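**Q** Below, each chain spelled out in residue letters.
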Amino acid sequence: MSTAAPIKLENLSKRFGRDVTAVDTINLEVEPGTLFTLLGPSGCGKTTTLRMIAGLERASEGHIFIDNEDVTKLPANLRDVTMVFQSYALFPHMNVFSNVAYGLEVARRPKDEIKRRALEALAMVGLEGLENRATNALSGGQQQRVFLARSLAQQAEVFFFDEPFVGVDQKTENIIFNIFHQLADEGKIVVVVNHDLGESITNFDELILLNKELIASGDRQQVLKDENLQRAYGGKVMFFSDENN
Amino acid sequence: MSPPSKKGGQGGFLTTTQRNAACKVQTSLILGNPLALNSPLSRQQTFTLSGAWLPAALAIVGFLALPFGRTGRAFLAVDPSLRPWALGSAWVWLVLVAALAAVVISILPIRTDLKGELLTLSGALGLLSGVGWLVATETPFGMGALVSLVMLITVMGFGLSASGRIQSDAFVASSILFVSLFIILFILYPLFAVLQNAVIVDGVFTFERVRQTLSSPRFLLFENTFTERSESGLTFIFAGIGAAAGLALSLFRRWSIPRLITSLLIATVVGFLIGLMLFARGALPTSLLLATVVGAVVTVLGLAFAILGQRSRFTAVRRSLGALSLLPIITPPFVLAFAMIFLFGRQGMITNRLLGLSTNDLFGIIGVAGAQILAFTPVAYLVIRGSVASLDPSLEEASQTLGANRWTLFRTITWPLLRPALANAFLLTMIESFADFGNPLILGGDRFYLATEVFSAFAARFDQNEAAVLGVVLLIIVLIIFSLQRLWLGGGSFVTVTGKPSSGSFSPLPRVLEAILITLFSIWTVLVLALYGSIVFGSFVKLWGINNTLTLQHYRDFMQAGWPVFLYTARVAAVSAVPAGILGFLIAYLVVRQKFWGRTFVEFGSMLSFAIPGTVMGVAYILAFNTGPWLLTASSVIIVIAFVFRNMPVAIRGGVAGLAQIDPSLEEASTTLRASSSTTLRRILVPLLIVPLIGGLIFAFVRAMTAVSQVIFLVSSGNMLATVLLLGWVEQGQLGRAAAMATILIVTMLSVILLLMLFTRGRGAQGVSA
Chain A
1 MSTAAPIKLE
11 NLSKRFGRDV
21 TAVDTINLEV
31 EPGTLFTLLG
41 PSGCGKTTTL
51 RMIAGLERAS
61 EGHIFIDNED
71 VTKLPANLRD
81 VTMVFQSYAL
91 FPHMNVFSNV
101 AYGLEVARRP
111 KDEIKRRALE
121 ALAMVGLEGL
131 ENRATNALSG
141 GQQQRVFLAR
151 SLAQQAEVFF
161 FDEPFVGVDQ
171 KTENIIFNIF
181 HQLADEGKIV
191 VVVNHDLGES
201 ITNFDELILL
211 NKELIASGDR
221 QQVLKDENLQ
231 RAYGGKVMFF
241 SDENN
Chain B
1 MSPPSKKGGQ
11 GGFLTTTQRN
21 AACKVQTSLI
31 LGNPLALNSP
41 LSRQQTFTLS
51 GAWLPAALAI
61 VGFLALPFGR
71 TGRAFLAVDP
81 SLRPWALGSA
91 WVWLVLVAAL
101 AAVVISILPI
111 RTDLKGELLT
121 LSGALGLLSG
131 VGWLVATETP
141 FGMGALVSLV
151 MLITVMGFGL
161 SASGRIQSDA
171 FVASSILFVS
181 LFIILFILYP
191 LFAVLQNAVI
201 VDGVFTFERV
211 RQTLSSPRFL
221 LFENTFTERS
231 ESGLTFIFAG
241 IGAAAGLALS
251 LFRRWSIPRL
261 ITSLLIATVV
271 GFLIGLMLFA
281 RGALPTSLLL
291 ATVVGAVVTV
301 LGLAFAILGQ
311 RSRFTAVRRS
321 LGALSLLPII
331 TPPFVLAFAM
341 IFLFGRQGMI
351 TNRLLGLSTN
361 DLFGIIGVAG
371 AQILAFTPVA
381 YLVIRGSVAS
391 LDPSLEEASQ
401 TLGANRWTLF
411 RTITWPLLRP
421 ALANAFLLTM
431 IESFADFGNP
441 LILGGDRFYL
451 ATEVFSAFAA
461 RFDQNEAAVL
471 GVVLLIIVLI
481 IFSLQRLWLG
491 GGSFVTVTGK
501 PSSGSFSPLP
511 RVLEAILITL
521 FSIWTVLVLA
531 LYGSIVFGSF
541 VKLWGINNTL
551 TLQHYRDFMQ
561 AGWPVFLYTA
571 RVAAVSAVPA
581 GILGFLIAYL
591 VVRQKFWGRT
601 FVEFGSMLSF
611 AIPGTVMGVA
621 YILAFNTGPW
631 LLTASSVIIV
641 IAFVFRNMPV
651 AIRGGVAGLA
661 QIDPSLEEAS
671 TTLRASSSTT
681 LRRILVPLLI
691 VPLIGGLIFA
701 FVRAMTAVSQ
711 VIFLVSSGNM
721 LATVLLLGWV
731 EQGQLGRAAA
741 MATILIVTML
751 SVILLLMLFT
761 RGRGAQGVSA
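Just so you know, the sequences run in chain order A and B.
When we follow the numbering used here, the leftmost residue of the first sequence carries the number 1, and every step to the right adds one.
When we follow the numbering used here, the leftmost residue of the second sequence carries the number 1, and every step to the right adds one.
Quick caveat, the hints were computed from the structure, so don't treat them as lab data.
Remember, it's a predicted structure, so these values are computed and weren't measured experimentally.
List time: in silico DSBU-like cross-link candidates among lysine-lysine, alpha-carbon distance up to 30 Å:
id, chain 1, residue 1, chain 2, residue 2
1, A, Lys-8, B, Lys-595
2, B, Lys-595, A, Lys-73
3, A, Lys-73, A, Lys-8
What the simulated footprint calls covered on chain B by chain A, stretch by stretch (three residues with Cβ under 8 Å from a Cβ of chain A suffice, anywhere in the stretch; the number is not a length):
id, stretch
4, 157-164
5, 656-669
6, 680-687
Residues of chain B placed beyond 10 Å of chain A at every Cβ, according to the derived structure:
id, residue
7, Trp-85
8, Leu-326
9, Arg-703
Ideal Cβ placement from N, Cα and C applies to all residues, glycine included.
Please model the entire structure based on the sequences and the hints provided.
**A** Below, the structure written as structure tokens:
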């Protein structure tokens with residue numbers, strides 16, 4: 001059932017100006033069907049890396065391959081990558097349904113298909129019946145789920161989630177995790193930027209630890225070693241501590 | 001470094017049942033999920049058809065179907081001798097070859113980035129050969145050239161996007177190209193034409209005309225041999241006093257040597273300029289004196305009104321100050337000058353009736369200064385108001401609890417916070433004063449002014465070289481002031497920092513100060529109301545000051561001579577407002593939201609169009625578009641273009657301010673949902689920014705209706721504009737019908753602005769959220 005192809009990063013770097021290096025020569029391969037989480041301290045280039053892959057940020061050096069195709073210079077809207085932002089980024093002038101249907105409308109799908117898929121996506125995140133609500137009439141968790149539904153309706157092959165659990169209630173967190181696993185099982189690429197080194201980490205298959213450069217990747221035993229955490233967080237080991245923003 | 005990416009422990013620690021328990025999602029939906037099928041949206045093939053085939057094909061059609069050049073001014077005339085095959089030039093055919101090549105490249109199965117490079121190359125080749133031919137043969141461009149070249153630029157846009165040189169889609173890439181070319185063609189090239197005409201006379205490079213113009217007594221009379229005193233001597237004495245003062249200050253403050261030298265130089269120059277303004281005659285010292293005095297007075301008044309508007313105890317005063325800021329928008333800049341003739345002229349209501357004088361003192365630098373002060377005070381008020389509003393009351397409270405008295409408070413807290421706004425207001429009004437054209441033309445008297453000299457050199461002495469030299473001088477002065485402002489206030493960006501009124505309450509104004517301010521404001525208000533009233537009154541009486549019988553004669557005259565012109569003006573203004581608004585918004589979007597090579601250029605270019613005095617731009621347009629490949633003069637087209645580039649900055653500012661309130665992640669979300677940037681603009685940004693967008697359109701329209709300094713160079717017999725006609729009537733002394741036209745203009749503008757406010761109030765909430 002795996003349809004997505006791997007993402008490969010080759011010597012990927014991002015510099016702002018001359019002095020600031022946000023991402024330093026990362027080599028990485030992300031395979032479909034696995035639930036990845038991207039870890040690292042604040043400002044370590046997690047978001048920047050994802051934004052480069054999504055095409056929202058231009059790589060200073062190196063190459064990005066999706067499905068063995070070099071997409072380093074491809075405009076973002078031609079890449080098969082969906083990104084869920086930290087700020088919910090719902091379109092304030094559209095209701096819930098229009099938000100979810102937006103990507104499908106942009107792709108000029110037939111009317112009935114748009115309706116069917118949008119409603120299905122809303123059902124997946126447990127927001128049936130709220131399609132005519134204004135987005136600002138929803139709670140934070142609900143807004144996050146609308147955002148999720150919008151990405152799901154899109155049927156991309158690659159899903160990036162930037163801190164999806166910030167300010168989200170337990171119910172929403174469960175729903176979101178469930179969907180992550182579902183997407184991974186369907187053979188999609190799922191990468192989640194996560195601030196939290198706490199318990200939720202156990203829900204991911206593979207961990208990628210970043211601090212400007214790639215420090216370690218693999219399963220928990222491989223990544224969460226003291227020496228790695230030392231390199232990433234500089235002395236302070238913050239495993240299982242709660243650090244939000 | 002590549003990690004061993006195996007599916008470790010399928011699903012982590014949560015088992016499938018646990019997961020389903022965590023969320024009630026129908027299992028059937030997961031298993032038989034239609035979303036899980038191979039996505040029909042995904043783009044798998046590497047070889048794609050480029051959309052560039054369409055513009056390339058249109059370029060071919062345009063090239064073959066329409067004449068490449070034209071002989072006269074008529075755009076749509078089909079002259080068979082200017083068909084491509086009748087021209088017998090290989091260069092012209094390169095356009096077609098390039099377009100054909102672009103079509104072929106678009107459908108060729110080659111790598112995307114290579115395809116992009118080839119498309120860029122062929123587009124550029126066609127563009128260069130087409131433009132090259134037009135320039136080399138000096139043939140005015142025809143519709144065929146217009147269509148095919150525009151389409152080739154679009155092809156280049158597709159190419160730059162596909163090659164990744166501009167990392168955005170073809171729409172943004174093409175927009176960047178078009179905007180840059182517009183700036184080059186309609187802002188930089190005309191300025192270049194002015195420079196060229198200043199130093200190239202009859203095809204020969206010479207500084208002779210520069211020398212002649214600058215040494216003419218009309219420009220600068222440094223030493224008047226008919227007076228007993230020595231003006232130059234006095235000026236040098238002032239320079240010496242300045243130098244001494246600078247030196248004394250430096251020694252007193254114990255400044256370092258470099259700083260001492262700088263302050264010495266600045267003080268000397270300032271002293272020299274003051275001496276020049278006081279003793280010398282001619283356009284340069286007169287304009288300088290005028291701008292300095294007007295700038296200073298207007299800044300003080302603006303500050304006074306801003307303080308009053310923010311802290312007055314009376315709501316009525318604060319309200320009427322809001323209305324004050326509308327005045328310069330709804331009135332053509334010279335209408336107050338014209339009204340001043342009614343009140344203070346030889347037959348003036350005040351000077352003649354009340355005071356029994358019969359004087360022409362109004363006509364001269366005093367009258368012009370008065371008119372400019374009245375016209376520009378609202379501008380300064382608007383600039384300073386934001387700053388006064390953003391003064392944080394808690395700062396004042398804090399310092400008062402620390403025991404600071406009012407004076408200390410003002411000196412240490414208020415003044416440093418206000419200083420940038422005051423400098424900004426001063427320099428902006430100086431620029432406005434230098435650039436002002438209508439007021440000196442009406443009230444100038446026997447003095448010369450830079451802006452009017454440019455016009456009279458051109459229109460009265462028919463000397464385009466002299467006009468160009470004077471234009472360059474005016475341009476240099478304004479650019480110096482403008483860069484001083486940038487230097488002083490920092491930031492080369494359009495993004496203005498707007499202060500939010502913060503919590504806490506201001507201590508009320510001292511009663512004496514408030515009384516003084518209110519008196520000042522009352523005088524100002526009465527004066528302005530009297531001036532506007534006199535225009536309305538003047539339009540209904542037979543002959544102002546002589547025969548005050550009521551009559552509609554002037555309106556009948558206006559209907560006959562002015563109404564068609566008024567309608568034409570409204571039409572041209574409306575037609576130009578749309579591209580001005582769209583272009584302004586596009587530039588705002590590109591500058592704020594896109595990163596591309598040449599962004600600074602676009603920003604600088606559009607700022608330039610804002611800074612350049614209208615008279616300079618008017619001469620520039622005449623010199624640039626009167627002959628040769630870009631022949632456009634004596635048509636509505638050039639007036640529309642002039643309005644578009646003159647008023648575009650208003651829309652840019654509106655767009656920048658609006659975009660600042662919208663979270664960029666909305667656009668990014670739209671992009672990752674695979675919307676192109678044109679779709680994102682249309683479906684996300686335009687609906688969210690509809691209020692500032694409409695506002696930009698309306699202001700562009702209103703500004704076009706009331707503009708005069710640039711277009712006075714561009715009007716022709718069939719293309720007369722209301723303000724130019726009005727100015728002509730005032731000059732001819734037909735004050736009655738001029739008053740009628742001014743009344744109609746003011747009433748129209750007022751209703752347009754009121755409609756806009758009504759519209760904005762209803763929709764005010766939108767576009768702020770996000």
